[in-house]
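A.B. asks: Read off the chains here:
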Amino acid sequence: DQQVKQNSPSLSVQEGRISILNCDYTNSMFDYFLWYKKYPAEGPTFLISISSIKDKNEDGRFTVFLNKSAKHLSLHIVPSQPGDSAVYFCAASRMSGGTSYGKLTFGQGTILTVHP
Amino acid sequence: DAGITQSPRHKVTETGTPVTLRCHQTENHRYMYWYRQDPGHGLRLIHYSYGVKDTDKGEVSDGYSVSRSKTEDFLLTLESATSSQTSVYFCATGQGPNYGYTFGSGTRLTVV
Chain A
1 DQQVKQNSPS LSVQEGRISI LNCDYTNSMF DYFLWYKKYP AEGPTFLISI
51 SSIKDKNEDG RFTVFLNKSA KHLSLHIVPS QPGDSAVYFC AASRMSGGTS
101 YGKLTFGQGT ILTVHP
Chain B
117 DAGITQSPRH KVTETGTPVT LRCHQTENHR YMYWYRQDPG HGLRLIHYSY
167 GVKDTDKGEV SDGYSVSRSK TEDFLLTLES ATSSQTSVYF CATGQGPNYG
217 YTFGSGTRLT VV
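Chains as they are written, first to last, in our numbering: chain A, 1 to 116; chain B, 117 to 228.
Just so you know, the hints here were simulated from the structure itself, not pulled from any lab data.
There's no promise every hint is true.
For each label pair, taking beta carbons as the anchor points, the in silico distance ranges come out as [said to hold, decoys possible]:
#1 B:181 to A:55: 40 to 46 Å
#2 A:79 to B:224: 32 to 38 Å
#3 A:42 to B:173: 23 to 29 Å
From chain B, some residues computed to sit far from chain A (all C-beta separations above 12 Å) [unchecked claim]:
#4 124
#5 144
#6 193
#7 194
#8 200
All figures in this text were calculated on a predicted structure; none of them were measured in a lab.
Don't be surprised by glycine CBs; every beta carbon is placed ideally from N, CA and C.
With the rest of the complex left out, here is chain A (with noise of 0.2 Å):
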């Protein structure tokens, strides 16, 4: 049972459009979610975070949107840029919970290609 899905497995913008990544979720008591970066050959690294209190969160180029009721998160990238070429993977977890605190569920991952 997949509970965190990245339908879409690659995505292709130009340089300096937006990119807009998506993820839905089943699990409703997830309430953080978060997206990470991934480079070939390198571990992924973590890019932006939302809590289920909040609907969107910014950080410079990244803006993440969460809508709680369709259980579906996206990650904006504005504008997009070459180093941004990278697999994307959308995480969710539990806040509360006991010894299920912080476990991270990923999703499948999206390939994204910025052109020049």
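Based on these hints, arrange chain B on the given structure of chain A.
C.D. replies: Same frame as chain A, but now just chain B:
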């Protein structure tokens, strides 16, 4: 990230042999995790630790065991390696999800 070291970085082993992967951190983080990355599956949690000697299973724990005898080290052992355990293994550490976990550079394991 210099605060997390995974060893070895690459390993080829034969089916049926035991294998131990090591994750070492200098961040004094409470939480440590082992994930595996496979095409089409993203990152899947194998085992995690929420303190010294406190560990629990993740979603793909069969065939794996872990130990954490001190804060800095989290060991992942494949009791008897199988070809289905060929994967890239990542260790992650952190103080909690709201701080954003830090991942190591990964160990590429091939079981032949």
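A.B. asks: Does each hint hold? Answer for all of them.
C.D. replies: Evaluated hints:
1. B:181 to A:55: 40 to 46 Å: Roughly 41 Å apart at Cβ, these two residues keep to the hinted range, so it holds.
2. A:79 to B:224: 32 to 38 Å: Holds, at about 34 Å.
3. A:42 to B:173: 23 to 29 Å: holds (27 Å)
4. 124: With a cut-off of 12 Å, residue 124 of chain B remains clear of chain A, as the shortest Cβ separation is near 14 Å.
5. 144: holds (16 Å)
6. 193: Given a closest Cβ separation of 20 Å, the condition holds.
7. 194: holds (20 Å)
8. 200: Residue 200 of chain B clear of chain A: closest Cβ-Cβ about 18 Å, beyond 12 Å.
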